[in-house]
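*Asks:* Start from the sequences, fold in the hints, and give me the full structure.
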Amino acid sequence: MGLIHEVDYGTKSSNSTKLVTLTIDGQSITVPDGTSVMRAAMEMGTQIPKLCATDTLDSFGSCRLCLVEIEGRAGTPASCTTPVAEGMVVHTQNAKLAKLRRGVMELYISDHPLDCLTCGANGDCELQDMAGAVGLRDVRYGNDVKTHLDLPKDNSNPYFQFDPSKCIVCSRCVRACEEIQGTFALTIAGTGFNSKVSPGINEMFLGSECVSCGACVQACPTATLIETSVLEHGQPEHSAVTTCAYCGVGCAFKVEMRGEEVVRMMPYKDGKANHGHSCVKGRFAWGYTTHKDRITKPMLRAKITDPWKEVSWDEAISHVASEFKRIQAEHGKDAIGGITSSRCTNEETFLVQKFVRAGFGNNNVDTCARVCHSPTGYGLSTTLGTSAGTQDFDSVMDSDVIMIIGANPTDGHPVFGSRMKQRLRQGAKLIVIDPRRTDIVHTPHVDASYHLALRPGTNVAVINALSHVIVSEGLVNEAYVRERCDWDEFSDWASFILDPKNSPEAVEAVSGVPAQTIRDAARLYATGGNAAIYYGLGVTEHSQGSTAVIAIANLAMATGNVGRSGVGINPLRGQNNVQGSCDMGSFPHEFPGYRHVADDSVRHIFETEWKVPLSDNPGLRIPNMLDAAVDGSFKGIYIQGEDIVQSDPDTKHITAGLSAMECVVVQDLFLNETSNFAHVFLPGSTFLEKNGTFTNAERRIQLVRKMMAPRNGYEDWEVTQLLGQAMGMNMHYTHPSEIMDEIARTTPSFAGVSFKLLEEKGSIQWPCNEAAPEGTPVMHVGHFVRGKGKFVITDYIATDEKTGPRFPLLLTTGRILTQYNVGAQTRRTPNVAWHEEDLLEIHPHDAEERGIKDGDWVKLASRSGETSLHAKITDRVAPGVVYTTFHHPATQANVITTDYSDWATNCPEYKVTAVQVSLSNGPTEWQERYRAHSSQARRIAPQEAAE
Amino acid sequence: MAEIWNLQRAQEIIARHKAQEGPMLPILHELQDRFGSIGEEAIRLVAQSLNITRAEVYGVVSFYHDFRQAPAGRHVLKICRAEACQSMGGEDYAAALLHSLGLEWGQTTKDGRLTIEPVYCLGLCACAPNAMLDGQPRARLDATTLQALAGEAV
Chain Z
226 MGLIHEVDYG TKSSNSTKLV TLTIDGQSIT VPDGTSVMRA AMEMGTQIPK LCATDTLDSF
286 GSCRLCLVEI EGRAGTPASC TTPVAEGMVV HTQNAKLAKL RRGVMELYIS DHPLDCLTCG
346 ANGDCELQDM AGAVGLRDVR YGNDVKTHLD LPKDNSNPYF QFDPSKCIVC SRCVRACEEI
406 QGTFALTIAG TGFNSKVSPG INEMFLGSEC VSCGACVQAC PTATLIETSV LEHGQPEHSA
466 VTTCAYCGVG CAFKVEMRGE EVVRMMPYKD GKANHGHSCV KGRFAWGYTT HKDRITKPML
526 RAKITDPWKE VSWDEAISHV ASEFKRIQAE HGKDAIGGIT SSRCTNEETF LVQKFVRAGF
586 GNNNVDTCAR VCHSPTGYGL STTLGTSAGT QDFDSVMDSD VIMIIGANPT DGHPVFGSRM
646 KQRLRQGAKL IVIDPRRTDI VHTPHVDASY HLALRPGTNV AVINALSHVI VSEGLVNEAY
706 VRERCDWDEF SDWASFILDP KNSPEAVEAV SGVPAQTIRD AARLYATGGN AAIYYGLGVT
766 EHSQGSTAVI AIANLAMATG NVGRSGVGIN PLRGQNNVQG SCDMGSFPHE FPGYRHVADD
826 SVRHIFETEW KVPLSDNPGL RIPNMLDAAV DGSFKGIYIQ GEDIVQSDPD TKHITAGLSA
886 MECVVVQDLF LNETSNFAHV FLPGSTFLEK NGTFTNAERR IQLVRKMMAP RNGYEDWEVT
946 QLLGQAMGMN MHYTHPSEIM DEIARTTPSF AGVSFKLLEE KGSIQWPCNE AAPEGTPVMH
1006 VGHFVRGKGK FVITDYIATD EKTGPRFPLL LTTGRILTQY NVGAQTRRTP NVAWHEEDLL
1066 EIHPHDAEER GIKDGDWVKL ASRSGETSLH AKITDRVAPG VVYTTFHHPA TQANVITTDY
1126 SDWATNCPEY KVTAVQVSLS NGPTEWQERY RAHSSQARRI APQEAAE
Chain F
10 MAEIWNLQRA QEIIARHKAQ EGPMLPILHE LQDRFGSIGE EAIRLVAQSL NITRAEVYGV
70 VSFYHDFRQA PAGRHVLKIC RAEACQSMGG EDYAAALLHS LGLEWGQTTK DGRLTIEPVY
130 CLGLCACAPN AMLDGQPRAR LDATTLQALA GEAV
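As you go down the protein sequences, you meet chains Z and F in turn.
For the first sequence, position 434 (counting from the first letter as 1) is numbered 659 according to my numbering, and the numbering increases by one without interruption.
For the second sequence, position 109 (counting from the first letter as 1) is numbered 118 according to my numbering, and the numbering increases by one without interruption.
In short, the hints are calculated from the structure, not lab data.
Backbone N, C-alpha and C fix where the C-beta goes; we use that ideal spot for every residue, glycine too.
Possibly wrong hints are sitting among the right ones.
Using C-beta positions, here's what the derived DEER-type ranges look like [what the hints assert, rightly or not]:
1. Z:Lys1078 to F:Leu16: 19 to 25 Å
2. F:Gly111 to Z:Gln460: 42 to 48 Å
3. F:Arg122 to Z:Gly432: 36 to 42 Å
*Replies:* Here you go:
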């Protein structure tokens, strides 16, 4: 296995349908109109020397190396900026061009350190390659000329170095930052000889506007911007394409390796979700995979107050099996359950639910999606007939109006956020519905037309009001609704929505959003052309989460915005495989493919495949498992890759439930908050150590490839298989592809999926079956999956979590670019340089009332509990609203959140908690006690000396 | 005479030009005219007001020699160093002047009275060598008249 080499065509492809034929170096070639001469040449395998051109950026024409001669035209035009023309005759090499190119190259090299042998980019340097290509043999300019060789390096960024002495000022980094990432953090400062790449006002990279996405490093043709890891290790020697294990965007990366060591992650241009772009997490924050905190040996203990004892895999597996069997014998078969992980592969998730359903003989399986997008599943299945986003990411490039509700794409889904910003810079209009002024509301070159800064918990009221305006002002797409939806249901809904309680004027009082803004936003959404909705956990994590998803579907159907490119309803899914883990039957009431366990025909499929009778009773959800544990009827749990103590709401209730169990099994990379309450710890494997597939937010199934042996000895699916075998199940998979084959055999929407097809096509969007053998980029084309689109009445009911004199403020929570969820991974990388602790954002008015200054320790208290953190005073939040992130266990933001949840799915109401904030002088008693417990619970007993 | 930096005045200047197409250059010109230079505060304010990055504003400010990031002396003498003026002996006259003032190109006298800057062609080649004092062109200079010109600025 060598290095994957991607061809650089120099300029972007043209999507013109008109074809043009020209002659290059005597050969005839036909390309789409608008193609550059440079690209046309590369299409036939002729690389014209170039430095400032690369096919991810618009052509620029500054390096003067790609000059060609064109018969009948004067001079030597740059081939990157010259489009092809019919009958054009191009010469890419002749004596005159060679001389010109050498002259140009000689000038570049005269101001370049000739330290190639010790340079980090040695072997991967376009300047070096071009010097060779043009045959540079001599540099005639003397040593006494002025150069840039003494410019100092900038090592402020933990992941890459900026060495301006090696810079050729081609502007590729500046252009990548602008065109691809959309951050505009870099510029060329000065002019002429003094030109220099500068972050911000001649600042260091860290501390400038740079978000460390790595696009500049990737674009740099020299060693000027280079990964620290390449400087440390040298050039990689082999690579394979895999899928990022962070968010639901699902970026494809080339993992570039030296032996079993990762040298760097390079975004893969052919990745259909990311098109060669990345963010600071996927590109750089993989250091956790080899972090010293990783546990690689199984461990047991009798009581959670004991220290851990390392044991063999055999002992750990047989202990779990015998404990689970004992508990079922003593307390009944429903006394145990399992939790699947959205961080694990489809195959692993499928296996855990199979282990529970077929091995435990109950349906007590749930997943972390319970606490994020379960309302999406419920809401979209009910209205459209399927539990997934309707579009592919590329669809956004056809949108004219983008409405973002309760999502923060530039932080949470940064690569897609950049894509969205590209479209907004092209002129699409933006509506943001969010209590907080997220970056995308107002960020360089992007300004939302309307920001509806609603009070947390009033989504349904505001979305209803948007629909009210659309129905009352005659903006419904009646033809679409008559053709595609149930007209009677629509009529009922329309008369409901016209009720004055849903008018913008009435909703203004509830939500705090001015009626006129609601009206303007509704009109823009309904009449602005292709309108797409992107939403996140700000919609789902509410007591009316499912209602809000349904209200969104109503809005989109009423305006005809489902079923083609540029429109749709798109949940921005949080985790790499949250879509997949839901698809794979992780919910207690559903088999893979969202089919109810009470459906006899479906159960029959799995009973035949698995050769065991299956229960037709929906099992327990996570909160029910914990309630049952506190009640004493639920005694054992197998948790794969989820830290429920940190991530789930009302920490005190969770820990009480876990403490009441007799066998808590945690399978993870690190000891975490949940393992503090575990009796068995099974070490997990990273995404670099396993084969499998992840499914991203656009239903795209992509391969995860094993780059190195698992440090813990087994891939995660193998551990589940060992447990299954020990429990007496007949499981003998030799490769995850066999699990995928079983998924395809049993699940119609995956019927056509196989590893072989994935290898061939790179990725597939489900449904993939006989009707759609190559997958489905956009869903509900022509008709809805469920048949007729279903309008459902969505009454706004205020949450029971209300502010009052004791708790006058509303807390809402979210994420930040550089950290990921509970931070188990990102906190173990240099990403902490950007976010070392969670902060409480509070409006200046609320802060002043309480005598709080920026940076003060404050106590955050709710009915559930209290915690302390530092305050950050900002008008991003409205008066009356406070905000924090939940990345750090020290903060324990979920001590504060309540056990209120979505009526339909139990998805917790993370986004609304009534709180009080007051000055404090340090961590609360709970935090201190928890810290003490945590360090106590993580002791590992020293190994006994070998006999 | 330049005023000291005043946020409100600066905001007024920006507000006046903001609606026009390509507002950055007119804003920067007026800020410099008013405050004598375009410092970091001004760059940040322009970036924020136009919803662009400080890198972009800095790129423009640093690109044009006539935008200055630190205040100049009370008077600015720009001496042409382009080909025509060089061929008419301008370089020697300028060198002599700089030497007599103890300055390098771009520096300001210690009393803050005079800044000497190079300029590359004022378009007055027919009457080289030439220079510009506080925006007023002066032509057919020699060692004496250049010295006198520098002395004029009090």
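*Asks:* Work down the list of hints and note, for each, if the structure agrees.
*Replies:* Going through the hints against the structure:
1. Z:Lys1078 to F:Leu16: 19 to 25 Å: holds (22 Å)
2. F:Gly111 to Z:Gln460: 42 to 48 Å: violated (53 Å)
3. F:Arg122 to Z:Gly432: 36 to 42 Å: The hint (36 to 42 Å, Cβ to Cβ) holds, given that arginine 122 (chain F) and glycine 432 (chain Z) are roughly 37 Å apart.
Checked against the numbered hints above, the structure breaks only hint 2 and satisfies the rest.
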